[in-house]
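Undergrad: Sequence:
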Amino acid sequence: MRHDGDYINLVNQYGTQRDSGSHYHFRGEGIIPDMLLTEQYESNGLFAKTIDAPAEEAIKHGYDLGLQDTEATEYIIDTLDNLEWDEKGTCGIRWARLFGGAIGVMLIDDGRGIDEPLDWDNIKSIEEIRIYERAVVWPDYSVMYNINTAEPWKANTSKFGMPEKYFVNSIYGQFWVHESRCLIFRNGVLPERTMQPYYRFWGVPEYLRIKREMREVITSHSTSVKMLERAVQAVHSIKDLASILMQDDGRDIILKRLEAVDFARHILNTIAIDAEGESYEFKTFSLTGVKDILESTCGMYSSVSNIPQTVLFGRSPAGMNSTGHSDFENYYNFVERIQKLMLRGNMRKLVDVIIRAGLAQNKLTEKPVVKLKFNPLWSMDEKDQAEVDSKKAATQKTKADTAKVYYDIGVIDSPEIRSGLAKEGDFSIEDILDSTGPGSEAIDLWSGELPDASAHGYSPPEEMNKDGDQGFGSVGVIVMKGSNVLCGMRREPGHPIGGAGGHIEPGETPEQAAIRETQEEFGITPKNLKPLGQLKGLAEEYGSPYVFLCTEFDGEPECISDEIMMSTWLKLNEDFTGLYMFPPFAATLMLLDKVLPDQSKELHNE
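Residue numbers for the sequence shown follow this note's numbering, beginning at 465 and rising by one.
It is worth saying that the hints were derived from the structure and are not from the lab. Small disclaimer: the values here were computed from a predicted structure and weren't measured. Worth double-checking, as some hints may not be accurate.
[Stated by the list, open to error] In silico DSS-like links for lysine-lysine, alpha-carbon gap of 25 Å or less: (1) 623 to 755; (2) 623 to 813; (3) 813 to 827; (4) 827 to 804; (5) 804 to 629; (6) 835 to 861; (7) 813 to 831; (8) 623 to 675; (9) 837 to 623.
Please model the entire structure based on the sequences and the hints provided.
TA: Here is the structure:
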């Protein structure tokens, strides 16, 4: 039927306001009573596993504090064990997933009350950690951080919009606790205009997200069992059944007949029926498609819960070439997000408290620098490791064959190949080609005869400008310690090797510019700079740098600028072979050899 220019179907309501294919909208679940969440966790095994598995996975693989001090590491690990951190951390994540959030209250001796800000400078000990689920914790929304202050308990991270206190209504007592004494576990972050303001600060309980899919999994499995019971149906045909039922005692007659037949089938495994007009047979129903439905519901539940079927149901997903490896990769990525959201910040805060307590108790002599990292979630078995090693060996062989081809045609030489093999135990033909390609030639200073520095031209030291460079000028500084030269990788394409140097600012003398550039790029202050001369003949963008030699300095070299990274010391007579070098820096080393030939030879021979 056509109506107002459109076709509609009055039987299935397509094209009308009752069209189920277009006239619908999604409706959320709304608030779930906390007692219902608890009931589901206590009585529903599938739901309990969904809550527990990621929480246990996130912490069971351990962590690395990144400390070089063995005694400090042992003290921190022992304290975490005494605090039962593995159990407490798992419990915090578990209740956050179940209820949307949780807090861990640290019982710290700092001379203040539990409802007062933590005195970080007066921590004497930490005695215990107690975990409370969101159902018994209320944030104090009347007292919120509205600015970032420099107070110690607020300075680590931004606290804007976060409550300063929490009220705990436990069956063991009621109390207020300051947020600086709490470890906060939140199951995600909700938008400010969330439809669930009850969960706005914490996060949504997992039950809200997986309720429908979990119901489908459970009901589909229970229904399939009932279908098995009805897969074979006995059919007893009785002559004149309708007429007999019309009689007053017809119902009793039929029931007696059915009971007799059923009794004979069970006892004698034989059925006695009337030969005239009565029959007895079995009807079998096909279960085709039931397995596909079960697989589909399990796959959907695994998808929304982010947990592989192997973990949830103890079996791998079905289908051709299904190994479950990709499922576990996604699962471990999900667990890593839990670690970042719920564990990393809390562990840093807890370890900081433990370190301060250790210093106060003289169990630590100095404050160690902790670089927390979680151990990898995926551990390969011997077979997987062997496959990885085999692939690496095949890759290295391919690289070696490629290098041989380039060597045979003269594109690269043996020193470049050796240099490539020496870099961090790996070999990349692409890196060698990049460093030796057009426009980025490697300058080989110390193989064979030294290059002629006069090709660049230079001015002797007495001609250097002492009154400040009023035009385009620059400086270069050779910082040496014995026979080693201080170098760094420049932050530009190709990452050439360079030293300290840069442009002279208005009003500066070359020596002042040399000191400033060395301080800015390597964090050290040169002393007793020796002028070597001024280079000429370089490309216009490099200018004519004034070159200084520095053999004494204050501080320890560290790249702190946006121009140079990865400071290191390279030996004159061997380490510069085949390196891609910043042209002005290469020229300054040539000038060093020309101006100070005797000293340079001594350095080469060290």
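Undergrad: To test your reading of the hints: which numbers does this structure violate?
TA: 1, 4, 6 and 8
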